[in-house]
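Take these sequences, add in the hints, and give me the full structure.
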Amino acid sequence: MSRGRILVVDDEDIIRMSCSRTLAPEGYEIKMAVNGLEGLELLGKESFDLVLTDLKMPNMDGIEVLRTIKEKWPDTDVVIVTGYQTVETAVKAIKLGAYDYLEKPFTPDVLIETVSDVFAARSKKEKPS
Amino acid sequence: MLVKKSFHSLTGKLILAIGTLMIAGSLLFWLFLFKHQEKELIQSSVKYGHSFVDYVRKSTRSGMLTVQGRLIQQTVEDVGVTEGIMNLRIFNSKGKISYSSDRSNIGTVLDKNSELCIRCHGISGPVKDTPNWTISKGKQYRTLNIVQPIYNEPSCYNASCHIHSKEQRVLGLVEADFSLELLDKSIMQQGIAITVYVVAFSFAISIALCVILWNFVSTPLALLSLGMKKVTAGDLDYKVAVIRKDEIGELANTFNIMNGELKKAKNELLEWGNTLEKKVQEKTEAIHRAQQQLVHSEKLASLGRMAAGVAHEINSPLTGIVTFGHLLQKKFPQGTEEREDLDVIIDQANRCANIIKGLLGFARASAADKALTNINDVLHSSLNIVRNKADFFNLIIATDLDPALKRVRADAPQLQQVFLNMIVNAADACEGKGTITIRTSNVTGNKQDFVEIEFRDTGCGIRDEDIEKIFEPFFTTKPVGKGTGLGLAVSHGIIQEHGGKITISTKIGEGTSFFIWLPAWKEEA
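Chain order of the listed sequences is S and G. Quick note: the first sequence uses my numbering, first residue 253, plus one each step. Quick note: the second sequence uses my numbering, first residue 404, plus one each step.
Quick caveat, the hints were computed from the structure, so don't treat them as lab data. For glycine and all other residues, C-beta sits at the position ideal for the given N, C-alpha and C. Some clues are possibly wrong.
[Claimed, not checked] Computed, partial: chain G to chain S, Cβ under 7 Å:
(1) H453
(2) N718
(3) S719
(4) L721
(5) T722
(6) V725
[Unchecked claim] Computed far set for chain S versus chain G, every beta-carbon distance over 12 Å:
(7) S272
(8) E290
(9) D301
Written as structure tokens, this is what we have:
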């Protein structure tokens, strides 16, 4: 039994691979999408606990992906991954319901810690119900 | 001399005109007077002559009535020697000289055509209104000739001698020649005297005129002319020294006033020209400065955009390097050569990540979260961070913070980043020993209130050629690995975003001062 299902949406291969190779050994089930549209398509077919999405992508950017997820699948948590963090975008993302944001370049430890935080919060939220 | 002594000058012309009029007038006057006097003198001479002839006629009357020829001749001779009498003759009616002061003439009969006869009898008949005197020119002097007829009277034709008949009208005539020597001499003397007087008078008048014109016209006019020449030559300070109350004085006064006005106008024009030049120069410099500043900030801005782009592109590969480095690390136990190599790779990747962070800081300086901030507080907290660092053990950090410092609207963490950067740079410039002075004060520039923060070190100073570049990203004079060359670029961006500016004052070998100006918050009273 996996610790949770995570969808990584990023147009860059190296980020998808880094996330997958870091998180898979930790017991998470990882699926990947190369852009926002593909990610949303996948989300329509399967359910995920967490979506890690890049902010700047062709076709559909991370903010749009976040907005759609929060609209259609409010139970799914979102962490924004960005190489260009500014206070404005961070505030905007949190206001739209993102759980956290992750600054590139990140180390495996930081990624694992951020993801662990999300799942710890999710389990706290689920327990009372 | 000031005045040209020629007839072209005003004085010359005036003197010539007045002198000529004077001489002509005097001559006419004296000539008239002279002629009048001469006429008077001649008339009195004629009168005298008639009296004399009358006297002769009367004194010889009794001799004639009694026919005493010798007595008559004696009387004529006696009277004839009177001074001034040249000839005294008595003619009978036939024109024969009966008696004469000169005996040799007696008996001479005048020719009928002689001047004396013609005077009364004429050539063709008797002449009416016969003048009884004439003046004729002699060798030296003129001669006055007086003739009086001896008319027939009852006592004549009734006399016992019966020489003359009753019908005879004129019995003879008495004629006398008077010398006008005295009169002519007197007239000549008078003429000479008058000429001398006229000449002397004209000369004196001319000299007087000269003096008057010289003093009242020529000299002041020459001074005025000199003044005008000076003004033409550009000497606007010249004042004509004519202190008088007449028209020339007024002219000089007007001239001086005009000259003063001219000078004033010229000065105004000059001043205006100078000010204009200065203003143009100032404006040109200001435009030049503004342009330089614009170019500089534009350069920094485009560098920032480029840096952000580069940083974004490099972040993903760096994430991969770090992630896979860590994954490999787990496969090699501590102490193996492979593990050490991997550690180096991860360290260097982290260094790259730090550079990228700095670059993004430079590009991101615009996103400030501003609040009312006390700069002194931010400085204190910045100093607390660096004080315990080993690099600062041998440095003296002095503070001179103005307790009345105005507050500013600022992003305190960003300002702290700037201040830390300034302090670290100052410490690096001091190379471990020296003094860093931090001073704050309220200043006013360009009609606006600012807060000034000065960071002064006693370090090596900045070379002139480096000052231009120190705010550019990646420019550093520090050893490789020690500085990224982003500190001042980021600081510059942050301060500019806060509406402030950074200026530098430096001297090689003596130290550097960085001045940060931030707009002061207008406290409501």
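Now the hints, each set against the structure:
Restraint check, H453 (chain G) versus chain S: the minimum CB separation of about 152 Å is more than 7 Å; hint violated. The interface hint given for N718 (chain G) is met, as the beta carbon of that residue sits about 3 Å from the closest beta carbon of chain S, less than 7 Å. Interface restraint check for S719 (chain G): the shortest CB-CB distance to chain S comes to about 5 Å, inside 7 Å, so the restraint holds. For L721 (chain G), the shortest C-beta to C-beta distance to chain S is roughly 4 Å, which falls under 7 Å, so the interface hint holds.
For T722 (chain G), the interface hint holds, the least distance from its beta-carbon to any beta-carbon of chain S being 4 Å, beneath 7 Å. Taking 7 Å as the C-beta contact cut-off toward chain S, the hint placing V725 (chain G) at the interface holds, the least distance being around 5 Å. A beta-carbon of chain G is positioned within 12 Å of the beta-carbon of S272 (chain S); the least distance is around 10 Å. Distance check for E290 (chain S) against chain G: the nearest CB is about 18 Å away, which clears 12 Å, and the non-interface claim stands.
Under the 12 Å C-beta cut-off, the non-interface status given to D301 (chain S) relative to chain G holds; the minimum distance is some 21 Å.
Against the hints set out earlier in the document, violations occur for numbers 1 and 7.
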